[in-house]
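K.L.:
Heads up: the sequence shown at position 113 corresponds to 113 in the UniProt record's numbering, and the numbers run straight through without jumps.
What the hints contain is simulated information worked out from the structure, not anything from laboratory work. Certain hints may be false.
[As the list claims (entries may be wrong)] Estimated spans, in silico, between C-beta atoms of each pair: (1) T226 with P40: 47 to 57 Å; (2) T202 with H163: 41 to 51 Å; (3) D137 with H163: 20 to 30 Å; (4) S148 with A27: 28 to 38 Å; (5) T103 with M266: 20 to 30 Å.
Note that this is a predicted model, so its numbers are computed, not measured. For every residue, glycine included, the Cβ atom is placed at its ideal position computed from N, Cα and C.
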Amino acid sequence: MQRGVALSGPEALAWLAERQVAVREPAERIRVFADSIQSPEIGIARVWTSGLDARFDAADRAAVALTLIEGAFTVTAGERTDVLRTGESLLLPPSSTVALASTSAAAWIEVRVERTRWLSTTLPPQERTITPLAPSDVSRILTGLVNSLLASELTGANAGWAHIERAVEETLLALLGERAGLAEAARASSAEEELFRRTMATLHAHANDPTFTVTELVSRLNSSTTRVGHAFTVHGTTARRELRATRAALARELLSRRRVTSREEMERIARRSGFRTVETMRATIRATGS
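Build the full structure now, drawing on both the sequences and the hints.
P.N.:
This is how it looks when you write it as structure tokens:
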């Protein structure tokens with residue numbers, strides 16, 4: 001059990017390496033603050049890092065559920081890349097590897113479970129496991145359980161520890177079941193996957209235009225609202241949600257570059273991020289969890 005971990009440089013790299021996170025940038029740039037609890041059956045942690053470029057591995061006999069609670073990660077596995085945003089979860093089966101990259105601070109909770117518990121749940125195909133899972137009541141319950149446990153003085157020696165541990169594990173299994181159900185309910189054909197990739201590329205290219213709408217997105221793709229909507233449903237999201245999230249991420253990036261000292265500067269940032277007003281920009285940033 002580790003609480004109040006505060007490390008930087010080589011010590012931070014070594015601590016992350018123990019958790020199968022291999023950092024691919026100079027040690028002097030890395031800072032870590034964390035709390036963690038490990039038992040034979042389950043491991044939980046809450047981790048904050050400075051900007052990170054790393055490889056995240058799930059051990060041979062353990063699977064990992066990671067829920068982002070601050071910031072955003074670009075997630076890459078093979079030739080596929082997704083964006084993991086605040087509140088979203090990533091489910092990694094045993095022996096899987098993904099690359100995580102963020103240019104600013106990020107924080108997450110993680111739960112690791114023994115392989116047999118993971119395999120007891122019906123899961124989507126391997127190639128779909130890096131797809132971020134949208135925030136849900138189950139993921140919020142899991143986050144609350146982990147945060148409450150890490151904030152307490154409980155240890156494995158406490159009476160009732162096994163019941164608390166089981167509550168975390170069972171909530172994780174509910175999250176796995178939720179992911180499997182989503183994949184079973186709406187599997188994408190290769191044509192739908194191609195449409196989704198084209199849609200996201202178009203969305204990212206035009207999100208900074210305040211006049212750009214979902215209706216125009218559909219028109220630019222020469223498709224239909226139904227087809228585009230289904231392509232997003234397969235990935236557990238909507239075009240409107242992704243457009244809002246993309247604009248919010250762009251606004252956060254612009255705001256992080258320098259201190260804004262006037263209303264005029266704030267209005268320029270709002271327009272460059274695709275928002276018509278500063279108020280809408282602020283409300284969207286709050287709504288997307290950052």
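K.L.:
Hint by hint, say whether it matches the structure.
P.N.:
Each hint tested on the structure:
no.: 1; hint: T226 with P40: 47 to 57 Å; in the structure: holds, 50 Å
no.: 2; hint: T202 with H163: 41 to 51 Å; in the structure: holds, 50 Å
no.: 3; hint: D137 with H163: 20 to 30 Å; in the structure: holds, 22 Å
no.: 4; hint: S148 with A27: 28 to 38 Å; in the structure: holds, 33 Å
no.: 5; hint: T103 with M266: 20 to 30 Å; in the structure: holds, 22 Å
In this structure, every one of the numbered hints holds.
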